[in-house]
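**Q** From just these sequences and the hints, can you work out the full model?
Respectively, the protein sequence lines represent chains P and B.
Start counting the first sequence at 7; every next residue gets the next number (our numbering).
Start counting the second sequence at 10; every next residue gets the next number (our numbering).
Just so you know, these hints were derived from the structure itself, not from any lab.
You may find that some hints are simply not true.
Sample of chain P residues facing chain B (criterion: CB under 8 Å; computed from the structure) [to be verified]:
| hint | residue |
| --- | --- |
| 1 | 350 |
| 2 | 352 |
| 3 | 424 |
Result set (DSS-like, lysine-lysine): computed pairs, CA atoms no more than 27 Å apart in a straight line [said to hold, decoys possible]:
| hint | chain 1 | residue 1 | chain 2 | residue 2 |
| --- | --- | --- | --- | --- |
| 4 | P | 335 | B | 67 |
| 5 | P | 221 | P | 253 |
| 6 | P | 46 | P | 129 |
| 7 | P | 46 | P | 220 |
| 8 | P | 339 | B | 88 |
| 9 | P | 339 | P | 220 |
Built from N, CA and C at the ideal position, the CB exists for glycine as well.
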Amino acid sequence: MAQMNRSGELDTGNLMMSHGRLERQLRIEGWNQNALENAKIGVVGDDDQLASLYILSASALGINKLVVLSPALTPQLVETAEKLNPRFNLVHIEGFYTHPVLDEIFDGCNLFVDLSHYGLCNKLLLEKACREGVPVVRGFCFELDGEQGFKVFTYLKGREWQELYEIISDRNLPGSHFEDGVLGNIVAGIALEETKALLMGGRVSDEIISYRRKKLSESRRQPNLLVVGAGALGVFVGLGLAFADFKRVTFIDSDNVDVTNLNRQVFFHDAVGTSKAHALSSKLNQIFDMGSMARLEDFTRGTAVSSYDAIFDCVDNFETRIILSETCKHEGKVLVSGGTSAEAGQAVIFNPVENGLTPAELLGFSDIVRNRQVDTLRRAEASCSHQPDPSVVMTNQITAGFMVDAYRVLLSGQRPKNIFYHSTSPDKILTGERNRT
Amino acid sequence: MDTAAEKAVDVGQAEEVKPLVLEIIPGHAAEGLIEIFQPGSYEGEPLRNLLDLALARKNLNIEEQLILEDISRQLDGGKLLCRGQEITGTALDFAVQEQTEAGEKYYYVPVRAIRPQEGGSLRPESWN
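**A** Written out as C-alpha cells, the structure is:
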C-alpha cells in the first residue's frame, strides 16, 4: 500500500487519501487490499460500455493495473476511472484478439477478464489460460429466442466442463452484437466480484451465473422519475437510467460527499464536501446529456411525489424505506426499492396497479426497526461509538442494475420479479426458485 | 439459476393425492430443512402453520440442526418468503409438481428465510 512520490519519498498525503477512500472496504474481515493493488489484469472486450463499466468499478475497488484490448472504450467512463484512483494505470490497446501473436500483451497478468462477443477471442483466451494456468472471468450479455440476459463464468485450469460451451460466442469473428448498459452494469459488477474472489483467494462460482427475461418492448414514454438517495445505489441507478435513455430524472439527497464514499460512489472524485444529489445530476448531465435535476433535501412524509411516475428507493436506512413504501402506497406510485451490504443486495418492486405488498410490508422493515429501537436503547448505555457498515462497489452496481431492469420490465408490460443477490452463495441470484432435481 | 417456477398446480393436478415436500432454506443456501407431509395432512392447512410445524420439530440430526441455526440467524431481522413473495394461503398455492427418479410424484414448496439488506447507515459498532 505504500506510495512513493516522484522524489522517491513516501507520499503520505496520497496514502492518507487512499486509506480514506477505501476505508469502507478495508474494514471487511479478511479483506486483502494489497492483493487488489498489486494485481495486473488483462481485459478483452468489444463492447465499449461493458469493458468501460468493468474498468470504472475496478478502479473504484483499488485495482491499479489493467491492460485492455478493445476496439473502443467510453472516454468519459475511463476518464472517471483514472481520476477516481490516483494510482490507476490503464494500458488500452485498440483492436480485437484474433491471433495468438497478441499473447504478449497480457504477459504477467494474474487473470483475464473476457467481456467479448466473438468466439475466436473466447477460445484463444481459454487456450492461453489453460496453458499458463491463469484464470479467465467470462461475462457477456445476450439476446436469443426472444430473451435477453447475461452469463458470467470463471474458468480455472481443471474446469474443462460442459459449461464452457455455453460461454463461447456462436460467431467466431467480431460483429454486431447485443449491448445493454443496464445489464452490462450487472455483468461488470459480478465479473469484478469473481475477480476479487480470485485475487483474495476466495471461492468463485461453481456454476454459470445467469439471468434472463423476455425481450423488452420499445417504450416511447418518458416517465418522470424520482431517485431518493444519491449515494452508492443512487449513483448506479442514475447511470443505469442514463444508459436506458431516461431523461426526466430528479435526485433527492441532503448529504454531502465524504472521502470514504469514493470506493463505490464513482462519480464524486472531484466533489468531496459538496452535495451528492447536485454532483450526481451534474455528472450525468455532462456525460449523458441526461437533463436530470437535483433536490438538496431529505425525503420525508411531507415530500411531494404527485408529479412523479415512479420512485427509486436508494436510501441507506429502513426508517426512510418505510416512509417511501407508505407514501407510494398512499399515492399509487411505482416503487423500486434496493438495499445492499458488502456482500448482498435486494431489488423489490411495488406496482400499485397490482395492489400487492410494499417492500416495507414484504420484508418486514417495521418489525426490524421496532426490534432495533429496543436493542438500540439497551446498547446505547454500553457504547456510544458508531461506525458505518462496510461497503463495496460491486453489490451496489449489481443491485442498481437489477432495480433499473425491473422498472424497464414493468414499463414493457411484463411482471418484474423481486431479486435477491448474494455474492458468496451458490445460488447468487434468486428471482424465483429452481425446481428440485 | 433463474428458472422461474410458476404456480403450477392446476385444478386437475390438485385433486391428485401426493405428498408435500416443504423445504425451508436459509438465505441463498443450496439446501434447507426438509419436512414431508403425507396426503391428507396438509391440504387445508395454511402454509404458515406448516412452516411453524417444520421449524418446531425437535428430532433433528446434526446437519438439520445446523441448517435450523442458519435459518434462525436469517430470521433475526429477516422473513420467510416463497419465491420472493409473502406467504399467504395454503401450500398448494405455491406448489410445483415434481417427481423422484423412481417416478413418484410429489408437490414441492421452497421457502427461504431472507434477511433484507439496509445500506450503509450508521450503527452502533457492537452490531457489526
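**Q** Look at each hint and say if it fits the structure.
**A** So, going through the hints one by one against the coordinates:
1. 350: Cβ of residue 350 of chain P sits 5 Å from chain B, so the hint holds.
2. 352: With a closest approach of 6 Å, the residue 352 of chain P hint holds.
3. 424: holds, 4 Å
4. P:335 to B:67: Not satisfied, since the Cα-Cα distance of roughly 41 Å exceeds 27 Å.
5. P:221 to P:253: Distance of about 22 Å is within 27 Å: holds.
6. P:46 to P:129: Given that 27 Å is the threshold and the Cα spacing comes to 21 Å, the pair holds.
7. P:46 to P:220: violated, 37 Å
8. P:339 to B:88: holds, 25 Å
9. P:339 to P:220: holds, 24 Å
In the structure shown, a violation is registered for the earlier hints numbered 4, 7, in ascending order.
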